[in-house]
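When you get a sec, could you build the whole thing from the sequences and use the hints?
Protein chains in written order, with numbering that gives the first Met the number 0: chain P, 0 to 365; chain X, 0 to 296; chain D, 0 to 320; chain V, 0 to 335.
Everything labelled a hint here was simulated from the structure, so no lab data went into it. In this text, all values refer to a predicted model and were calculated from it rather than measured experimentally. Keep in mind that a hint or two might mislead.
Said to hold, decoys possible - Straight-line distance between alpha carbons at most 27 Å, and here's what the computed DSSO-like set of lysine-lysine pairs gives: (1) P/71 <-> X/1; (2) P/158 <-> D/234; (3) P/92 <-> X/2; (4) V/135 <-> X/203; (5) V/42 <-> P/304; (6) P/20 <-> V/111; (7) P/134 <-> D/234; (8) P/164 <-> D/238; (9) V/11 <-> X/182; (10) V/111 <-> X/203; (11) X/203 <-> V/150; (12) P/145 <-> P/99; (13) X/184 <-> V/177.
To be verified - What the simulated footprint calls covered on chain X by chain D, stretch by stretch (three residues with Cβ under 8 Å from a Cβ of chain D suffice, anywhere in the stretch; the number is not a length): (14) 254 to 267; (15) 273 to 282.
Glycine is no exception: its CB is placed at the ideal position from the N, C-alpha and C atoms.
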Amino acid sequence: MRTPPILKIEDLRTYFYSRSKQAFIRSVDGVSLEMAKGETLGIVGESGSGKSITALSILGLISAGPGVISGKIGFQSDRIQKDLLQDLGDFVKLTTRDGKIMEVTKDVVGWERNAERTMSEVRGKEIAMTFQNPKSSFNPFTSVGKQITEAIRLHTSIKTEQGAKERALAWLDRVKIDSPRLRFDNYPYGLSGGMCQRAMIAMALASEPSFLIADEPTTGLDATIQSKIVDLLVELKSELGITTMLISHDISIISRLSDSLAVMYGGTVFECGPAKQILSTGSESKHPYTSALLTSIPSAENIKKKGYLQAIEGDVLDTINIPEGCRFYSRCNRVTEKIRDKCARQEPDLREIEKGHKLRCWLYFD
Amino acid sequence: MKKYSQISGEISEFSDLPFWKKADVVDLVYVGYGLLIVALVVVSYILGSFNLLPRDPQDIDLHLMMAPPGTAGRLLGTDFMGRDMLSRLIVGIQAYFLPGLLAILIALCFGTGLGVLAGYRGEKFDTGITYFTNLVDSFPRLVLILLVIAAFKPNIYYIMLVVGLTNVPVISSLVKGKIQFLKQKNFIEADIALGLPTRIIIFKHILWHHCRSLLIIQATLGMAEAILMETSLSYLGFGVQEPTPSWGNMVQSGANYFMQGKFWPSTAPALAILFTILGLHLLGDGLNNILEGKRNT
Amino acid sequence: MKLSAIRPIALVLSRELMITVLLLLGVSFVVFIILFASPGDPFSVLLEGQLSTAEAKTGVREAMGVPRSWYIQYLTWLAGMLSGNFGTSIRMGLPVLPEVLRVGFSTLILTIGSLMITLLIAVPIALYSAVRGTNKLSWPLTMSSYVISALPVFWFGYIVIYFFTHELGLFPIAFGFSTAGQKYRWLYQLLPIFVLGVGNGTISEVIRFLRQEMGRVMAEDYIRSARAKGASIWKHAFKEGLLIPVTEIIASKIPFILGGAVIVEQVFNWPGMGRMAWQAAQDRDYPVIMGIAILAAVFVRLGSLFQSVVYVAVNPRASKE
Amino acid sequence: MTKTILEVIDLKKHFTHRKGLFSFFKEQQQSIPAVDGASFYLKENETLGLVGESGCGKTTIGRTILRLEKPTSGKIIFDGKDITSIPTDQLRQLRSQMQMIFQDLDAALNPKMHVRDILSEAITVHHRISDAEVDKRISDLLEQVKLKKSKLSSFPHELSGGEKRRVSVARVLSVGAKFIVADEPTSALDVSIQAQVVNLLRQLQNQIGLSYLFISHDLRVVELISHKVAVMYLGKIVEIGLSDRIASKARHPYTHILWSSLLEKQSKETEQKAKSVRAGRWGVFDFERPTAGCRFAPRCPVYESRGKPTICTDAASEPRLKDLGGAHQVACHFPL
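Below, the structure written as structure tokens:
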């Protein structure tokens with residue numbers, strides 16, 4: 000029996016508003032995900048697919064535009080059990096026209112105050128997050144060590160400065176930073192990119208969360224450093240068994256780390272299921288977008304034959320004017336005659352075609 | 000309660016709505032009011048210089064002293080010598096209009112020149128120019144002008160020359176900052192790599208495309224600065240002397256009659272100063288928000 | 000502030016001091032050049048009526064050291080200045096330095112006081128609109144700040160005087176220190192400070208600058224990660240969002256406020272540096288105006304020294320450069 | 000035999016870092032050797048990949064060749080002419096043949112100009128031609144880079160990542176470039192768009208016979224697109240060779256580590272085998288001051304496993320590029 004889900008996102012919508020085009024930017028347009036305890040979910044998607052916005056919406060860090068406007072995020076850990084978007088409905092009024100949300104009235108200040116109250120004992124204590132550019136995610140005016148002890152004293156039983164420093168040094172050693180005592184007093188600008196990323200992982204884990212979100216942990220780092228960070232994450236995963244949501248646009252990193260996988264495009268989940276099954280080259284039942292993504296990376300035989308890459312034409316979907324029908328229809332190369340009009344006009348929903356493997360494409364339905 | 004609504008139908012691909020549609024209402028109000036004031040000042044300057052005034056500002060009418068506005072056809076009443084307030088206010092603009100333009104011109108030319116030199120040529124001139132700008136900034140403006148007055152007993156044009164010079168550091172640092180921003184985004188390198196001659200890069204790409212709005216804003220703020228300086232100097236008795244009117248000395252001479260409860264002779268020119276400078280400040284800030292600032296997609 | 004941070008600060012402080020000395024040298028040179036290049040002879044004004052004979056005039060000029068070539072004059076003047084002798088005031092006949100210092104001190108109080116008032120008004124407004132963003136209350140606030148900063152300060156001064164003397168009847172009509180023993184003497188001190196604080200024409204700029212800086216810092220990555228950590232945003236944002244912008248404003252606005260002081264001292268005939276400068280400009284009293292210009296420049300440089308010290312103390316990266 | 004279009008001999012570029020206002024008094028100039036003696040050649044219609052970690056000077060080499068930075072020493076021979084120190088006006092004529100694609104997508108696109116003006120300005124910069132010809136030239140360019148005509152009247156900030164890159168390629172072609180320095184053209188793009196741009200660059204190479212200096216830290220793309228690959232470490236070229244030889248049979252330890260860190264090559268099972276090579280103090284990558292001799296020594300597993308031979312670290316015997324046959328050169332005393 001699968002353990003009860005630690006996190007259950009239902010139909011999450013996060014919109015922004017472009018004043019110059021008088022239209023909504025529908026970054027997250029109805030995302031539903033589920034994560035069991037101890038599992039690592041890898042979210043893959045290109046820029047503009049809404050993966051980072053989903054993570055930020057979970058922690059309620061969206062500040063611009065209408066922000067989170069609908070959905071439910073059920074979070075359950077051994078300490079607390081609550082819906083992170085409690086009574087969002089009281090603050091937001093939506094008017095839809097033929098299925099699309101056209102107008103949003105939101106009491107921004109009221110929702111802000113409510114969100115702070117519900118999230119105060121979740122942020123940092125239950126859910127911790129690491130960010131993409133490590134160097135700018137640290138306060139440049141205080142030393143790295145002090146920022147870690149701050150997290151420790153906020154969320155763990157250790158309240159004394161000395162105790163927190165000991166714990167912080169243990170964590171710095173744990174993430175294999177060289178000479179932790181020296182690095183403790185360093186300022187963020189004194190550390191290299193790789194080391195800042197390790198320090199941020201240490202800071203996140205030091206507050207003993209039950210759920211870790213790693214947003215693009217390896218982007219912007221060199222290839223060699225990337226592989227070191229991934230090794231570290233693999234070790235921490237096997238040792239701590241902490242549930243992790245790993246977000247990246249690099250499929251190879253996701254394949255090494257995650258148990259289950261979700262492919263996002265244009266603000267929705269196109270496919271989710273066990274990583275091994277989806278990413279293995281053999282199995283045929285894959286969403287056209289996922290298989291196209293896998294082939295557009297130069298693989299061994301591509302390089303040997305110096306052949307052209309099998310690129311997907313067209314551009315990444317801009318989430319302002321979303322076409323009716325499937326979002327990938329304009330770029331999809333596996334549209335058959337039978338389903339062409341359905342693809343063009345009616346958006347497929349996320350249906351389970353195999354045990355635990357969901358898909359959003361007419362090709363595999365009926 | 001914030002409301003966001005999307006227009007139905009096809010959303011246009013191009014987002015370049017004319018800038019007045021994109022700007023928020025507040026900025027439009029600022030700019031509108033500012034332009035109104037500027038138009039008023041320019042028109043009155045032209046009227047003043049061709050002497051097309053409602054009344055002769057000099058003729059004294061003793062039994063109409065300090066009449067409130069509207070008496071005997073004098074729209075804004077009379078001052079303590081019975082002279083028509085409106086015409087004196089219009090002629091008062093002569094005192095600062097041309098000198099103000101001179102100050103702006105000097106500030107823009109030297110400021111842009113130094114800014115481009117420091118930004119584009121970089122290392123060679125950088126220390127020299129920063130030293131000069133810090134040096135000029137060290138003097139409080141009015142003290143420097145008093146020094147010049149003590150030395151040269153100059154007329155208003157020399158004083159405005161000094162005001163223009165003291166505005167140079169502000170403009171040169173803004174232009175230098177803009178160029179360094181462009182260098183950081185390596186726009187300039189892309190142009191050099193393309194083989195564009197330097198003069199096109201500097202004048203068309205840097206100054207015309209990127210510094211144009213910045214210089215307009217500094218011009219309006221520079222004019223406000225010049226007006227404030229001229230009126231303060233004439234208040235201190237250094238600018239235009241009685242009986243030729245300047246807003247500064249009108250406020251000063253009117254102030255003696257506060258004790259008798261007569262406020263209008265001093266308040267009218269003060270309000271004129273207030274609305275003009277307010278208009279210029281709002282114009283500058285409104286343009287800044289529309290052209291430069293809050294660029295939300 | 001750990002001990003290890005002291006050394007880099009001392010390093011930067013010494014560099015800033017050297018720059019300040021260089022700049023003051025430049026200031027003295029500019030002041031000298033302006034007066035040296037002046038067309039009229041500095042003493043023609045004073046000596047018009049009194050000494051008709053030519054030798055007497057040359058005698059006085061000799062005493063003032065005028066005939067030698069300009070750079071020797073500059074060096075002697077500079078040497079004299081460094082040893083505290085700013086020359087003697089033509090009008091008052093008193094040595095300039097003690098006079099200017101006595102008067103300079105009271106202008107310092109006026110400047111610092113009005114700076115505090117400007118900040119007391121500007122910081123809350125900027126904080127409020129940075130946190131709340133634009134809503135129905137922030138519009139009138141910004142509009143009134145624009146109106147206040149466009150106010151001609153001398154008219155505002157007269158209105159305030161009128162209000163206090165007539166309506167509240169607090170002060171006698173004649174002003175100045177001569178009204179010793181007055182009951183509300185301390186209130187009298189505050190009045191010009193209040194007027195200059197409100198009317199020095201920089202309030203709208205200060206508010207815009209502070210709000211812009213706060214907005215920028217609020218959007219920084221490390222604030223977002225502080226929120227994600229559950230830490231208080233204000234503790235993290237204080238240094239870059241409030242402390243540095245405020246010191247920057249203080250250093251950049253001191254020249255404007257000193258300029259405004261000249262006018263306010265004239266309105267309240269408050270015996271300050273500005274009033275003396277005005278008097279010296281009237282009588283073309285060179286040594287006094289030169290002394291005042293240099294002292295004013297010293298004030299401005301002290302302000303920017305203070306700003307760079309705070310910047311280095313707070314920002315570790317700057318001290319390493 | 001195809002002609003060599005570019006030859007670089009012992010190019011050096013040192014950045015002098017001046018300390019504050021008084022540096023020219025105290026001559027306290029600390030010079031950082033960004034590029035320390037790089038020499039290679041590039042044939043026409045060929046692509047040379049340049050790989051290395053960030054900070055190893057690969058971008059600096061590209062900019063120095065195009066004289067966007069002043070070279071400290073060494074020679075650059077472009078199309079047979081030595082352009083190391085020719086005056087700028089002559090250089091400007093040559094600029095039309097050698098061009099650069101910048102890493103930042105917005106670099107070449109002035110945000111205040113429409114795409115049409117950007118292209119027409121580039122076309123008319125070197126030779127005045129009539130408007131009709133300009134329009135024809137623009138439509139040819141759009142064909143070449145496969146960009147929709149409707150995009151001509153939009154501003155750069157309205158374009159997507161892929162479109163911005165296509166416009167900057169069109170801008171480079173419009174001047175009639177023969178040799179292009181492509182500085183990380185694909186790193187700012189998504190995977191699917193990246194593939195399109197890679198295909199575009201290769202099609203242009205076949206159609207017009209362009210030659211590329213392809214700078215990137217994405218090893219897979221470099222391997223695919225380039226005929227020869229040069230690997231750089233801390234300002235020095237440590238290995239040059241045909242791209243498949245470099246990937247499979249690397250002779251320099253650093254190259255081997257670079258390629259072995261490519262993740263998808265390592266499925267979970269073979270992880271242990273690769274562990275042995277990457278022993279040594281590899282975990283920490285820090286820009287320690289370059290020691291004398293081979294700069295890679297402090298982090299080189301071969302140097303560790305051979306008991307720290309002194310030949311590697313004394314200044315006299317600094318490893319130089321030795322030819323191992325088959326156009327494969329390596330700068331190491333103990334090639335793998």
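So, going through the hints one by one against the coordinates:
1. Proximity of residue 71 of chain P to residue 1 of chain X is assessed by CA-CA distance (about 22 Å); at most 27 Å being required, the pair is judged to hold.
2. Distance hint between residue 158 of chain P and residue 234 of chain D is fulfilled; the C-alpha atoms sit about 18 Å from each other, no more than 27 Å.
3. Between residue 92 of chain P and residue 2 of chain X the alpha-carbon distance is near 9 Å, which keeps this suggested pair within the 27 Å criterion.
4. Under the criterion of a C-alpha separation no larger than 27 Å, the hint pairing residue 135 of chain V with residue 203 of chain X is consistent with the structure, at around 25 Å.
5. Restraint check: the Cα-Cα separation between residue 42 of chain V and residue 304 of chain P comes to about 21 Å, which is no more than 27 Å; the hinted pair holds.
6. Annotation: proposed proximity of residue 20 of chain P to residue 111 of chain V holds, straight-line Cα distance about 18 Å (limit 27 Å).
7. With a CA separation close to 19 Å, the supplied pair residue 134 of chain P and residue 234 of chain D stays within the 27 Å bound.
8. As the CA atoms of residue 164 of chain P and residue 238 of chain D are separated by approximately 23 Å, the hinted pair is consistent with the 27 Å bound.
9. Under the criterion of a C-alpha separation no larger than 27 Å, the hint pairing residue 11 of chain V with residue 182 of chain X is consistent with the structure, at around 23 Å.
10. Using a Cα cut-off of 27 Å, the hinted pair residue 111 of chain V and residue 203 of chain X holds, with the two alpha carbons roughly 11 Å apart.
11. About 23 Å separates the Cα atoms of residue 203 of chain X and residue 150 of chain V, which keeps this hinted pair within 27 Å; it holds.
12. At most 27 Å may separate the alpha-carbon atoms for a hinted pair to count; residue 145 of chain P and residue 99 of chain P exceed this at roughly 48 Å.
13. This hinted pair checks out: residue 184 of chain X and residue 177 of chain V have alpha carbons roughly 25 Å apart, not beyond 27 Å.
14. Counting residues of the stretch 254 to 267 of chain X whose C-beta sits closer than 8 Å to any C-beta of chain D gives 5, which meets the bar of three, so the coverage hint holds.
15. Closer than 8 Å: that is the beta-carbon criterion, and the stretch 273 to 282 of chain X has 6 residues meeting it against chain D, so the requirement of 3 holds.
When each numbered hint is compared with the structure, a violation occurs for hint 12 only.
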